[in-house]
Amino acid sequence: MQQRISAWLAAATAAFLVPLSTAQAKTPPDTFVVAANMSQMITLDPAAINESFTAGFMRNVCDALIGFDENDPSKLAPGIAESWTVSPDSTTYTLRIRGGLRFPSGNPVSAEDIAWSMKRNLKLNLANAQRLREWDITKDNVDSVVQVVDAQTLRIKPTRPWAPNLFLFAFTDFRVAPALDRREILKNEAAGDLGNKWLATHSACVGPFRVATWRPQDVMILDRNDGYWRRKVAMKRVVVRHVPEAGAQRLMLEQGDIDFADNIDPADFQALEKNPRVHISYTPSLGVSYMMFNMNDPRFRSPKLFEAFRYLFDYHGLESTLLRNHSIARESVVPNGVFGALPESYKPYKLDLERAKRLIAEAGYPDGFSAEIAVLNSFPYPDLAQHLQANAEKVGVHLKITQMIGAQLYQRARARKFELYMAGYGFNYPDANNIFLRFAYNPDNSPTSKDTISVAWRAGWDPGASFNDAIRAAQVERDQAKRQAIYEDLQKRFNATSPIIPLFQRLSVNAVGADVTAFRHTLTGDDYSSIEKR
Amino acid sequence: MTLAGLAALTFFIGRVMPVDPVIAIVGEQADQETYRAVRAQLGLDRPLPVQFAYYVRDIATGNFGTAIATGHPVIEDIRRVFPATLELATLALLTGVLLGVPLGIAAAVWRGRGPDHAVRLFGLVGYSVPHFWLGLIALVVFYARLHWIGGSGRVSVANVDLVPSVTGMILVDSALDRNWDVFRDALRHIAMPALILATTSMAYLSRMTRSFMLEQLGQEYVTTARIKGLSGFGVTWHAFRNIAVPLVTVVVLAYGGLLDGAVLTETVFGWPGFGQYLTSGLLAGDMNVVLTCTLLVGVIFLALNLLSDVLYRTLDPRTR
Amino acid sequence: MNALVRTGWRSWLSAEVAQSAWQASAQRAWLGWRRFLGNPLAVAGLAVIVALMVVALAAPWIATHDPYAQDLAARLLPPGAGHWFGTDEVGRDVFSRVVYGSRITLEIVFLVAIIVAPIGLAIGTVSGYAGGWLDTVLMRVTDIFLAFPGLVLALAFVAALGPGLFNAVIAIALTHWPGFARLARAETLVVRHADYVSASRIQGASPMRIVLRHVVPMCLPSVIVRTSLSMAGVILTAAGLGFLGLGAQPPSPEWGAMLASGRRFLIDYWWMPTFPGLAILLVSLAFNLLGDGLRDVLDPRSE
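Chains as they are written, first to last, in the working numbering: chain A, 1 to 534; chain B, 1 to 320; chain C, 1 to 303.
Treat the hints as calculated values from the structure; they're not laboratory data. Here a beta-carbon is modelled for each residue, glycine too, at the ideal position from N, C-alpha and C. Hints should not be assumed to be uniformly reliable.
[Claimed, not checked] Partner residues are not named here, just some residues of chain A that face chain C (Cβ under 8 Å, in silico):
| hint | residue |
| --- | --- |
| 1 | ALA267 |
| 2 | ALA271 |
| 3 | ASN275 |
| 4 | LEU399 |
| 5 | ILE401 |
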């Protein structure tokens, strides 16, 4: 009986395992296979996409009017608009739309489609309507601001004399003024929603690829649009698999089952660097890590306290160990590579416990204090927070860490219900205006303010009239050198007075299989049209 | 009446959660106007009792709302993700039965000796091991190092959507389509998560089988049969036939327990099923998803319990 | 007592006829204990749990380093002479963290046990003894809670209450008490028709007294067994919550949270999640073995 059972067990196991050892699949040469965490992908409608993964991805489906020079990312280059002129008083922009462009449906692209998409953006009033509102283009004035001169010419007359270089940045984001296939979208409109429901799962714009299939949290398949205007695209198809585990993505990459892993964990960097079947590189991004105090709490009012905490981080140590190849120390609020940034060498702070302790005492807390720090629960914030906690403990400050997911954390920030806060932030375009508008501009610090988008407001920080005015002045300053000077001054004043402490600038990691011979990564995203494989 | 309580409890949980679903949709950088617009769209600015009233009315009419992450009605999403979990859970249960029951019989037959202790220990380890940990280790050892099994997901990239979807269960669909390559690929992907999910039910079933068998083997008819000279195997077989009925009811109950393990196992293996859907909905504060999924899970549990009761009563003549 | 001194306690315990109720109880306990010892697996379980308690109490002496001391230069070191279980991503000694983590595990187990067992017992016995509408209502409530898989319900509660060790304990307790209530009620239903209970009632004892003096002691053996078995599940659920970031917060060396933060390092730095995982497995297994052994001794009917 015993032998019979063991024989049966052995046979069962063998039968189970034998069919499992098959040869591994390699990816086809004209298909690019990506593994990414697609759980945050909610909609494909350019008027509604606000999440960074979806946005970065859809940049390969919808071109923007203006792009960046591939060799010099600080210069603007033609996109769907092949050229533009700015009037001397900076109030009129005339954009010439590239001729001969067609949508995947076959409909021709005209300036009317673009104007319509901007009006649609404002009418639907979803997440991206504010990207127009921040340039003072609203539902009420859009008809006079945006004018169609003819099928190939778009005229934009902003209500304020923005610095030309600055205003044009607005159009580098496809979500502001995409070229949407108006006829196709309206064909699929449901109950006057301007195609919002249909566009949530389909694409109808000009770009190297179009969305062929999308199953949420499962797979997305992009097919190439033939005759792309910018270049000849080598990849016929891009397949994106939903793989929420970074470890699983890495394994798939090493096995050759995928070409590109979107979420490589820093824990895997060293192993991948040594692996000849994988090519890994790191490029700067517009993402930063920061922490802040809530000045609505009466304990946190003294700039000396804020300064003290700037000395509690071992920037260099973290940069070379824990955050190696993940972030670089950046002690100014404007990241490297952004117009107006202080030089990379600007590093006024380092770990100095003595000084921190002295400053804390001068701020009114000779015996230290206790506080709760709310932290985003994804890498590197828990580790950064624990690093801070350990150093703070040494100078008498007891911090209690509470980790939480984004949705919960941001809610507390909006409600100003936190003591200390640590998270990341992603900026939209490489100009210091964007940074200061989000992190410093705060004309109304009251609880009823409408500017709750401002991180300064969330921190309860009123930078003062001269600061706010300087930000406004820089927006319309036409002399680039003068603008640079204003921003450099603002950065130094920021560090001297703000409860917001910039810490690190994130690097974007790009891990591809060794068969991929070309793949362009930029400050704002990955360019799938540039991919070439062996 | 239990269902009503279930609905109330899930509603309460959903509304009390500190996760803001509006922010999940509009993101951190949304200005006040956008935030308010979307909040009104979701109906969250109405007072709580009003929301509950709408919720009850919606459920009664079969409207379970739209999921934030997918933009589709939750019912549609569940219809899409459930077959994956069904496939996994069924295979796990089959594995649990095929491995657990014989082990339980062996333990009963050799009670108190080597096999009994071994099976007991093995079963208890199955109860005690953290599944997510085991899953990760399995991926590293069997996928990365040994290449015996497939990686994340249900099939390899090359085989996505290759086989027409009839039942939603790739093993069944590929068998119906006679596409044995896809069948093998799917098997390679489902093997490890099913095996790991099965550990708990294996443990449970081996224990229950053992205790049922012991009850039978202690009965008079067994002693009588032995005296009369019936072989060991024959006796065991007779005893087993008598426990088949309660065993079936236990198996049905075990099926429900698999939903619990599915939640974490699916996350580790990137299995696009119900467990993953529920977890991501929970962590995103998507109340429609949370409420509907927990309601569904509760209903399934109740149904399985009921089924188990009914089976027991109809199949076992003694309880009539 | 004189008999004890004269003939030795061993023979007192194995005497054929007990001379007093106290001796009879002691004899029963002694016999149970010897039966328990005959089960090597159960003994192993008990040994592990005792070891856990020792480790938890003596943590400062057993641990080799400060579990919170970070050292960026010594991160991700493999197990070796200086660090028996290696170091984690900020240079903390994994062995010391596992040792101190035993305190948290014990804390969770203890807190949940003292919340769940009395409440479940109380509700179950009252419900079973009182019967009628009270029984129906209480059982409906229990059913509702039982209708959810444990982890899902605990997840939902912690998500509602917010992350943290204390909230996790509450959430886990909320998911476990129904099982106890059910068990206690089942036992109560059997006991309440017993002769001595009826006799007590006739004598005019109040329901409260009957429940406390007669019903509860009958339920105790199965409740004790159930507690031990439940604790295994509690440890796993707590680890699961910690794994999802909803349990103990950093830098707390809770095993589930260590598993979560070490999970990223599983492939190249296997020691980080492996040792806490093994610890969870070992302790959970120990409670299961102990519970099994106790069931054999206290509740032979279920064998």
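Here is what the structure says about each hint:
1. ALA267: holds, 4 Å
2. ALA271: holds, 5 Å
3. ASN275: Given a least distance of 11 Å, the restraint on ASN275/A is violated.
4. LEU399: violated, 10 Å
5. ILE401: holds, 5 Å
Hint compliance for this structure: hints 3 and 4 are broken, all remaining hints hold.
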